Each structure stands twice: as structure tokens, then as C-alpha cells.
Amino acid sequence: MTMSVTSSKSTITLRQPLGIILLAVYFLIMQTVSASPKNPPLSLVAPGIYIGNDVCPYDETTYTENNIHAVLSLVPTSYNLWNRAKFKKHISPDQHMYIKCLDTSSQNLFRYFPQIVTFIETHLDAHILATQSTDKNLEKPSAILVHCEKGVSRSATAVIAYLMKLWKIKDPERVLEHIQKSRAVKPNRGFMAQLRAWGEVDFEPWEDEEHTKPKKEAVQWLN
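According to numbering that gives the first Met the number 0, the stretch in the sequence shown is residues 0 to 222, in order.
There are no misleading hints in this set.
When the alpha-carbon atoms are kept at most 30 Å apart in a straight line, the in silico DSSO-like pairs for lysine-lysine are as follows:
#1 Lys85 / Lys37
#2 Lys167 / Lys214
#3 Lys99 / Lys167
#4 Lys167 / Lys185
FYI, nobody ran anything at the bench for these hints, they're computed from the structure.
Just so it is clear, the structure is predicted and the values come from calculations on it, not from any experiment.
Model the full structure from these sequences, guided by the hints.
Now the structure itself:
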């Protein structure tokens, strides 16, 4: 038996029973594609903070037009780009942070939250000082790019962790809603669980200054 299925995009002719299986896979893929967020290469989601994909770091206008002087990369492998002059002339080694990670629910980003927050804080100090000044002769304040592969999950998680602490908001959903006004982002469920734990530990996972005793809410993420 032969069956034909017509959609707005194509017509598929399949043979049962394999056809039924392939048809189900086809519609699952189409549903996923249609539901995927459509974003520009980068988006300004908070003062001085851009979230972007893995394409925008290669475009020099990313830095020149947005005055970006620091980059946080959350990707599975290092880029050859980082060793090239076209990148180095905009971003020096101390202005770049690389976290090797995947967009999976089992990936642990919680352990990096303190480092992420410190890195962003350090490179946004100039921005905050400049925006508070009334001196119109000041240069445009510098900004930071936080990127992953699609600019949807890992990069958003990092920015949410920073903004939660900055704004003293323990519920990551509230910060996520704010970012979603500027970009279609959606951290995976594992990252959302880690962000909730980040709020539960009041943005400090350790009981002691020596960082030897984790708070009980942070134990599973730090062991």
C-alpha cells in the first residue's frame, strides 16, 4: 500500500509500515524546526550585555558596532578564530573566557557560575561607571558578548546567573522573562534546575571562605 502526504512545504510518498515510521519522524522534525527560536546573530538583553550565536564572533562588526571588548564563549570546542589577529585586535586574552560545555540537561554549569559572574562583573564595571556619568564626552561604554552555538540555552543560562545576583532575584524564571523580551532564549531543564539552586544558595555556593564546605543545596553540583 502506498500513501501520499502533502504539507505546505512538500509531498511525501511512502510505503507502509516503514512509511508510517518515517512519516512520524518527518512531522516531528518539521514541528521542531517550526518551533525553533529565530534570532539575529546577537541581541542586547541588558545594559552592556549581548547574547549571540557562534557566527557573530567571526564578524568584526560585532565588536566595532557594539563596542564589545570582552567575550564569554560556552561551546564544546575551542575556535581557531581565537588565535587569529582579526579576533585578538578586538579581544585580548584577559578579555576572553572559554567554558567547554554542551547543551545537555546533564551538563554542569553551576560550578562555573561564580567565575562567570566575576568575569562579567569585571568587564562591565566600566560600562556601569560610564552610564552613571553625565559627561557627554565619554566614549561609548564597553560591552560584553556571551555566546554559545545558537545563543539560546548556554549563553542565556550564564547571563541569567549574572543578572540574578546583580538584581538579587532568586527566581530564574523572572530573569528569563526579562531576557525573552529581547531574544528568544530557553535554557534546558537541567540548566534551569541549576539556576534555581543558584538562587537557593543566595549566589554563594560555599559555607566557608576557603571553599571547602559546599552549602547543602549546592552539594550535588560541586561534587
